[in-house]
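Undergrad: Here is what each chain is made of, one letter per residue.
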Amino acid sequence: MKTISNDFGVKIKSALARFLVNEKWTRLTVPLFCIALTALLSSILLLILGKNPLTAFYSFLAGNGFAAKAKYGAGVGMISDFFQFLNIMAPLLLAALAFIFAYRCGLFNIGISGQMLLSGFLATIWVGYAKELSGGIAKPLVLGIGLIAGGIIGTIVGYLKYKFNIHEVVSTIMINYIISYVTGFYINSYYVDQVSRSSKVISTASRLTFTKTMVLGNYCNVPLGILIAIGMAFLVRFILERTVFGFELKAVGSNRNCALYTGINVGRQIVYSMMISGMLAGLAGVTYYLGFTNTIIPKTLPGMGYDAIATALLGNASPIGAILSSVLITIFQNGSSYMSSMVGVAKEIASVITGILLLFSACGQYFRTVASAYLRDLAEARPVRHESGEEGEENELRP
Amino acid sequence: MTDQNYIVEMKHITKRFPGILANDDVTIQVRQGEIYALLGENGAGKSTLMSMLYGLYEPDDGEILIRGRKVRFKSASDAADQNIGMVHQHFKLVENYTVGENIVLGIEPMKKAFGLFPYVDMREANERIRALSKSYFLEVDPTDVIADVGVSTCQRVEILKMLYRDAEILIFDEPTAILTPQEVEYLLRVMRELRRGGKTIILITHKIEEIKRVADRCAILRRGKLIGVLDVAETTTQEMANLMVGRNVDLQSRKTEAYFGEKVLEVDALSVRNDDRVQVVRNVSFDIRAGEIFAIAGVSGNGQTELADAIAGLMRVESGTIRLNGRDITRGNIRERTEAGVGYIPEDRQKYGVFLDFDLCSNLCLRRYYKAPFSKNGILDFDAFGRYADELIDDYDVRSAQGRKTSVRSMSGGNQQKAIVAREIEEHSALIIFVQPTRGLDMGAIENIHKQILAERERGAAILLISLELDEVMELADTIGVIYNGSLLKIAEASALTSQEIGQYMMGVTAN
Ligand SMILES: Nc1ncnc2c1ncn2[C@@H]1O[C@H](COP(=O)(O)OP(=O)(O)OP(=O)(O)O)[C@@H](O)[C@H]1O
Ligand SMILES: [Mg+2]
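So the sequence lines, in the order shown, correspond to chains A and B.
Here my numbering is used: the first residue of the first sequence is 53, the next is one more, and so on.
Here my numbering is used: the first residue of the second sequence is 17, the next is one more, and so on.
The shape of chain A in the complex, shown without the other chains:
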């Protein structure tokens, strides 16, 4: 005998399973389910620490300008926080796109942080310190340097792979070290600010973020980078999905032998894909070092170059998915300090939550498989329940 509550449980479960399996929406419902699970598990974690999870989540949102804080300083408001959120999201999204572009060609660009650092450094010393340049000239120059510097590193990596079969993971890690130490040396020798121990601050004209801009009566840091990043996401999507170039790129990523058989120039495709990946990483670098911040800490690779890998994978390695996942990751990363001050747990809990989120997203396909298996069992179980009764079973099975 089934109790009512039990039947109700089955109904909920099957509704949830159908929600996940649904052909059309599965690409959206599975990530949503993962986010819900993350919220659940992190709530339990926070409860164990004796904190109120609702307050924590609210402060994550408030820290990013999606909800109101208890109080604001003079001249700043919710909208200022929102712009700060965009300031971080822009380079993260660009870096994630950089990863995606190589990944779709079967390459693993883990040198994004190095490419970011080099392009940020070069733009800083060549344009950031050229006080005489006006904004209209400096800003395009900064973007151009980002594209070129990142592109050159990417090209080198691709060429090493194509000509000498040196794996891109190996070469990018080594290049990361070289860039980190060489730029560190130059900053410490020539460009260091004696007080902050990091590089001297760049000129306002060259910065890609308009600081202290009045928006609706609040002072905001308005990032130019976010427009570039979102534009790039759509451009990358267009290239990958609609162009011959993107088709060949994905072909090389999917099966190198067959790409060769098809007549695709595999080597050239590898070099181009790394080059463009590097260019996107370069853009990420300048929006980070000459936008979100205005200085470079020597001998430190930006952690964002690695967060970008997680962001890209969370977004299913698709450009539009990356927009959504970079929103999510930024909310946790950027909101961590406000959350920490409001709830009174260590800032690092944000990283733990991000980790949980990534863990669950990696299991996305597994959830879906379990759900479809559950639905099937349910469908099978139904006739069996009648079976215990009488004959007639044959008819039940075949309507």
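The hints are simulated quantities; they were obtained by calculation from the structure and are not laboratory data.
All values reported here derive from a predicted model rather than from experimental measurement.
Ideal Cβ positions, reconstructed from N, Cα and C, are used throughout, including at glycine.
Do not rely on the hints blindly, as some may be mistaken.
Output of the computed footprint for chain B on chain A, the stretches with three or more beta carbons under 8 Å from beta carbons of chain B [unchecked claim]:
1) 304-310
2) 313-323
A few chain A positions that, by computed beta-carbon distances, are all more than 10 Å from chain B [unchecked claim]:
3) N74
4) A88
5) L97
6) A126
7) P192
8) K215
9) P350
10) G355
11) L430
Label pairs and their calculated CB-CB ranges [what the hints assert, rightly or not]:
12) L80(A) - R293(B): 46 to 56 Å
13) K421(B) - F160(A): 23 to 33 Å
14) K367(B) - W178(A): 46 to 56 Å
15) A414(A) - D364(B): 30 to 40 Å
16) F262(A) - R403(B): 47 to 57 Å
17) A414(A) - K421(B): 22 to 32 Å
18) N393(B) - I230(A): 32 to 42 Å
19) R181(B) - I230(A): 51 to 61 Å
20) F160(A) - G244(B): 46 to 56 Å
21) L68(A) - G35(B): 23 to 33 Å
22) G84(B) - N74(A): 32 to 42 Å
Using the hints, position chain B with the ligands against chain A.
TA: Below, chain B with the ligands without anything else, positioned relative to chain A:
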């Protein structure tokens, strides 16, 4: 009461995949100790049915009884617990392990050194493998590394793997598709031996000849439905073929009078080395004229594939020249050669022929996507893709669950092959290279492809046919070249050679 005799019963099995009923109310009953064949067109649902018996899928409907008891397999290991073993269409072996290690993998005989340190006792395992291989004529050396042995040995290893796990019910999914005629001979003997040893065998194959020779009964599937179960001894080959396809099959294709034109392909003193620096093609010269089918016969592994790869541009030429319509293409890249008029159906379809993760539509357009109307100024036009793909799917009867949107990975092996053949023939190139074009295809599809090859010949294409099937070579070829150890031993008009003579040359006998 008769149920006692049946070791395997699959009753009213239904299995759906998105967009297709792979098995529709199929019931088969297999007796203890018989060889039971499954015959059916490509995509008829044979592999799917057996995958359910082996626990890889669960049926949507119906039940499975083993030795009269109802079972429900959640995984292959559940099936293995019921003494069921399967040799898959594509082998599942660890390349850099030895034969012995592959066989014991998962059920290693553990011992403890000094009663403390666990280790795998390979010596005992190898002894048992040797004993097994002797009693069933399955020659292997347990200490050989898999990467170094040929396909037929791999297959023996797969069979030993089942026997080592005390399998009583052995499933073979198209075991002969990759074997040479001699190896097939051998395998059939092994099967009879296994039957004598009391094993029950379920055999999937497209070759009615083989069924005729070893099987006791044969079930025929068509588009997911069971059409009938025949007593093999009382049925003719033609009857089986007709039942399988659902219409009269013409087992003999009709060749028109040869009409040769200009020389299209001229290969002169061609030599090729493989990655291990071994010379695999040695000083090969031959010509193919327009309207001529030039077939290369030979035992597998004598340089045929490499010769085809070299002409298509996938392998570097060491010395010699290749001319197409008088133009030297020896150093041209692959795209230049396809543009100049070389079509190629490669031997390893999953490695070279298709992108398994792309949809059928993209795979059908691989030769054209970069040209108008498929793309303009580097922008793809998916409407053009779709129209062209639908046309080919129609004309070549490529069957799949969701039409052109189907991911090629989910298509049956034979239909993947049909897609490749369709794509290459449709280019109507000056030279078309067919390597094992009908491997794994059903008789209806073979008939169809042979017709298309002959139609291309009539159109005036030069055709290079490389096949391990002597029957196919004899049936289609105008000219036959026999390859042995990388050299062409003999080139002659097809009518001037008998199969016996070709067989001799294939073994390297030149004095005739
Ligand atoms: N995993 C899957 N997902 C979706 N469809 C599938 C899957 N496996 C098989 N199919 C479909 O089910 C049908 C039957 O396939 P199956 O592999 O059983 O054919 P088959 O009889 O073994 O053919 P062949 O002789 O070509 O190997 C095919 O149309 C195939 O496209
Ligand atoms: Mg099959």
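Undergrad: Look at each hint and say if it fits the structure.
TA: A quick look at each hint next to the structure:
Remark: the stretch 304-310 of chain A is confirmed as covered by chain B, as 4 of its residues place a Cβ nearer than 8 Å to a Cβ of that chain, reaching the required three. Given as covered by chain B, the stretch 313-323 of chain A passes the check, having 5 residues with a CB less than 8 Å from a CB of that chain where 3 are the minimum. At the 10 Å boundary, the C-beta of N74(A) stays outside the reach of chain B, the nearest C-beta of that chain being 12 Å off. The beta carbon of A88(A) sits about 26 Å from the closest Cβ of chain B, which is more than 10 Å, so the claim that it is off the interface holds.
No Cβ of chain B approaches the Cβ of L97(A) within 10 Å, the least distance being about 33 Å, so the stated non-interface status holds. For A126(A), the shortest C-beta to C-beta distance to chain B comes to about 53 Å, beyond the 10 Å cut-off, and the non-interface label holds. The claim that P192(A) is not at the interface with chain B holds, since no C-beta of that chain comes within 10 Å of its own (minimum 26 Å). For K215(A), the shortest C-beta to C-beta distance to chain B comes to about 16 Å, beyond the 10 Å cut-off, and the non-interface label holds.
Taking the minimum C-beta to C-beta distance to chain B, about 43 Å, the non-interface status of P350(A) holds against the 10 Å cut. No Cβ of chain B approaches the Cβ of G355(A) within 10 Å, the least distance being about 32 Å, so the stated non-interface status holds. Its beta-carbon lying about 12 Å from the closest one in chain B, L430(A) satisfies the requirement of being farther than 10 Å from that chain. The given range of 46 to 56 Å is respected by L80(A) and R293(B), whose C-beta atoms sit roughly 53 Å from each other.
Checked against the hint of 23 to 33 Å, the C-beta distance between K421(B) and F160(A) comes to roughly 30 Å, which is consistent with it. Between K367(B) and W178(A) the beta carbon distance is about 49 Å. The supplied range of 46 to 56 Å therefore holds. One distance hint, 30 to 40 Å for the beta-carbon pair A414(A) and D364(B), holds here, with the actual separation near 32 Å. Taken as a hint, the range 47 to 57 Å holds for the pair F262(A) and R403(B), whose Cβ atoms sit roughly 50 Å apart.
Against the hinted window of 22 to 32 Å, the Cβ-Cβ separation of A414(A) and K421(B) comes to about 27 Å, which satisfies the hint. Checked against the given bound of 32 to 42 Å, the beta carbons of N393(B) and I230(A), roughly 40 Å apart, stay inside it. A hinted range of 51 to 61 Å for the beta carbons of R181(B) and I230(A) is consistent with their spacing of about 54 Å. For F160(A) paired with G244(B), a C-beta distance near 54 Å keeps the hint of 46 to 56 Å intact.
A beta carbon spacing of about 25 Å between L68(A) and G35(B) agrees with the range 23 to 33 Å that was offered as a hint. At about 41 Å, the beta-carbon gap between G84(B) and N74(A) stays in the expected band of 32 to 42 Å.
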